[in-house]
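Student: Here are the chains, one letter per residue:
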Amino acid sequence: MLHLAEAPSRAGKTSDFPETYRRAYRWMLLARVAEEKIASLFRGGRITGGVFLGKGQEAISVATGLALKQGDIFAPLIRDQAGRLAFGESLHDFTLTYLGARSGPMRGRDGNVHRGRPREGLLPMISHLGAMISVVNGMLIAHRFNGKAGTVGAASLGDGATSTGAFHESLNQAAVEKLPLVLVVTNNQYAYSTPNERQFACSDLVEKAIGYGVSGHSIDGTCLEDCMNGIGEAVRQARAGHGPQLVVASNLRLAGHGEHDDAHYVSTHLKNLPLGRDCLENAQQKLLQNGWAEAPTLELWARECAVQVDEAVAYALREPAPDPATEDWCAISHRHLADGNNAAI
Amino acid sequence: MITYLEAIREAQKKALESDPRVYIYGQDIAAFGGAFKATKNLAATFPGRVIDSPISEDAMIGSAIGAALQGMRPVIEMQFADFSTVGFNQIVNQAATMFWRTGEPCPITIRLPSGGTPGSGPFHSQNLEALYAHYPGLIILTPATVEDAYSMLLEAIALNDPVIFCEHKYLYYHLKAEALPSAALPVGKARIARAGRDATVVTYSAMLHEALAAAEELAADGWEIEVIDLRSVKPLDTDTVLASVARTGRVLAVGEAWPWGGVTAEVLARIATDGFNLLDAPPMRLNSKDTPVPFHPNLWGTHRPTASTISNALRDLLRL
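In order, the protein sequence lines correspond to chains S and D. All letters in the first sequence, in the order written, are residues 33 to 377 by this note's numbering. All letters in the second sequence, in the order written, are residues 47 to 366 by this note's numbering.
Hints listed in this document are in silico derivations from the structure and should not be mistaken for laboratory results. Among these hints, one or two may not hold up.
List of simulated lysine-lysine pairs, DSSO-like, C-alpha gap at most 27 Å [what the hints assert, rightly or not]: (1) D:Lys60 <-> S:Lys180; (2) D:Lys86 <-> S:Lys210; (3) D:Lys60 <-> D:Lys222; (4) S:Lys303 <-> S:Lys69; (5) S:Lys303 <-> S:Lys101; (6) S:Lys180 <-> S:Lys210; (7) D:Lys59 <-> S:Lys180; (8) S:Lys318 <-> S:Lys87; (9) S:Lys87 <-> S:Lys69.
With the hints as constraints, model all of the structure from the sequences given.
Tutor: Encoded structure:
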């Protein structure tokens, strides 16, 4: 039997860059393996609803999760499995929610990527893009009221979300209030099937920063080191009181929008550019080239991830599904104010 | 004497005084005191807790939700109820689903200056209570009196669920009371505003006063009309409505909002399904016309129900 390695610890406990890099890589790997497992369960008909993979986006995501500390706020989007793990979400929350278990954080009431634990600073996304940013703003406003200094809120977005009114309103709001908000925009070239040229007309999304009076950062989303440095710096700036930070990371989505989507529309030209490289493979090469990890170690980590994922899936499969007969069909917390008409229905 | 508007201001002042978690966020509400002066002088009395927002209804509501998740009790002033549609997504998809999805309460109060006044036109006159009541997870309050404006706003802020507080602009200055109330009916209970035995009018908000005037007019002819003020449209106090219909056998539901799928439709649906055998005549309803709210007073006065159209409808109902 394989010996289960100790799970990587949370970020911020070491200034040793290779060690942090190794930890980041292991979260990325765990995310990739976990998502591949869920995708295979989806293909086998074991998953109800959608499956959305972060393949190709793990470096950006993990860098965000690692830059945050306990007490910070994270509003992940659909491709943030790596960042969720690095921020502290348990792998069980992932499998329990995808498999619809009653004991998961969403109790079968919501699924897949729509999970979170607000009390732990992890917001459960709604599907309307850009809508989580102002919620992060409000949590930061509350921190200001409560004298909780030095906390940061990060929200993930894609290129498509930058076209929404919610993006505009909330980034402007954060700028007016000088909030420690870090917006991490992953420009993965497509919003579902819509390419950049049908989404926006500026030459680079980071140009938007100046219009809002916030700092802008451009990073290479395929390079873990660049992501860690760029997002790390943005988070430091926000934490130091320098107001909102707009990070724009470029990469290519290496999966469909969801597993239902074959992504036939993704251009071969883009796939062949450096932009189209896999950040996980890049990081692996870097580990080997720099002597930060040896090949057998990488193989061990991969086996450990597989064991961890299998355990989390097996655990979730054993958990009971929600039961409509015992479900509490009350949408408000004050039970006595629930509208009586439910009984009539 | 205290007006309906002053009652709203006093309730906010009391909430700010008694609960450090309360803050108010809205357009022009700090030094300027709000478009209707509902927050006049509050920013000076409570520095840093009455905050001007950019014109960003979506972000205003979204930030209130975030603050509420961190234990605050935000009160959001929409400049006009009509503009809340810009923040609609945050209200119905984020605030209204939060407790159900996560188990975390979302105690926000959104004040909607609602309803028509002469000259206000299509975009400063709307009544959106039915729109919000349609969504699970929200509590919708529609105070019709100075006393309720005060006590229900205080209760709204104290509740752990998102509350849509529909305050009627026509009542802001027109309606006065001797003093603020010391006791109140709780949210969720309708009130019999006038007792009667011949027919029931079920209404709320500014239409209460039109209905009371109609009932007074019919009293001259010997008819005794019972008038129910719903106070909250969600939850809807079906028991009080059915008990009244059991006494009178006839019912007219009156609302200033548009007819399709609205509060009057819901009231009549409940009576038809749960109290069909109580009826001596087909239930009736009266609403605004199914057009945008008109600008000119001549048109506006005909667009919405008034004491005179309510009394005409009641005479029809009593003849049936």
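Student: When the hints from earlier in the document are held up against this structure, which numbers fail?
Tutor: Those not satisfied come down to hint 5.
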